[in-house]
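Engineer: Using the working numbering, the first residue of the sequence shown is number 1, and each one after it goes up by one.
Quick caveat, the hints were computed from the structure, so don't treat them as lab data. Among the clues, some could well be false.
Stated by the list, open to error - What follows is a list of derived Cβ distance ranges for each label pair: (1) A166 - A114: 24 to 32 Å; (2) R18 - A51: 32 to 40 Å; (3) Q72 - A139: 34 to 42 Å; (4) E31 - P74: 31 to 39 Å.
A virtual CB, placed ideally from N, CA and C, is assigned to each residue, including glycine.
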Amino acid sequence: MASTTLTLLPGLRGRQWRIGDFSVVVSPRTEPPFPVQAFLLEEDTWRVLSAPVRLPPMEEHPVRVMTDLIGQRPQRPGTLLIRGRRWEAIVVDLEQEPICRQEWVRQASMRALAAAADRRLRTLALPLLGSRHGGLTPARSLQTLLEVLQETPGNGALKVWLQVPASAIGPLTARVAAAAASPS
Numbered sequence: 001m002a003s004t005t006l007t008l009l010p011g012l013r014g015r016q017w018r019i020g021d022f023s024v025v026v027s028p029r030t031e032p033p034f035p036v037q038a039f040l041l042e043e044d045t046w047r048v049l050s051a052p053v054r055l056p057p058m059e060e061h062p063v064r065v066m067t068d069l070i071g072q073r074p075q076r077p078g079t080l081l082i083r084g085r086r087w088e089a090i091v092v093d094l095e096q097e098p099i100c101r102q103e104w105v106r107q108a109s110m111r112a113l114a115a116a117a118d119r120r121l122r123t124l125a126l127p128l129l130g131s132r133h134g135g136l137t138p139a140r141s142l143q144t145l146l147e148v149l150q151e152t153p154g155n156g157a158l159k160v161w162l163q164v165p166a167s168a169i170g171p172l173t174a175r176v177a178a179a180a181a182s183p184s
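Kindly generate the complete structure, drawing on both the sequences and the hints.
Structural biologist: Written out as structure tokens, the structure reads:
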């Protein structure tokens, strides 16, 4: 049996859809449809998922570094940490089972949209939270994000870049198009 490859239909690439109060564009992470003012990253409670693989040489004595680490506490799942343009959605807790829950994705996404409104941002990159490290399927993560976009009030000015895996661009874009076509 021959394998089939799903691709994005011509005319859908770069298309904007209205989901709730938000303008949404679906595109792979490697193909930004527009410059973004802030981008959301999937992170765990101890913030090790985004830690660099190679650490730069330490300028402080190792005992001082270890002493500073003693007071560290994990972040609460569902929270949002803002570090300039880099926003970290805490949606993975490696000490719990399951390690990612849709409610955490929902909470962090709602906080990100609220923070974008507070800062009067015009653009935001939003990945499928929980699907990279948390074990959620891209479809499940997308469904949660679409619900959040439909339920969260906005000012109508925010453009959201939904970052989806290139391998699933066709089916996920179809879900966004269907959500935009259905009455809220």
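Engineer: Next, verify each hint and record whether it holds.
Structural biologist: How the hints compare with the structure:
1. Range check, A166 to A114: about 30 Å between beta-carbon atoms, so the 24 to 32 Å window is met.
2. At roughly 37 Å, the beta carbons of R18 and A51 sit within the given window of 32 to 40 Å.
3. Taken as a hint, the range 34 to 42 Å holds for the pair Q72 and A139, whose Cβ atoms sit roughly 35 Å apart.
4. A C-beta distance of roughly 34 Å is found between E31 and P74, which places it inside the suggested range of 31 to 39 Å.
Violation of the numbered hints given earlier is absent; every hint is satisfied by the structure.
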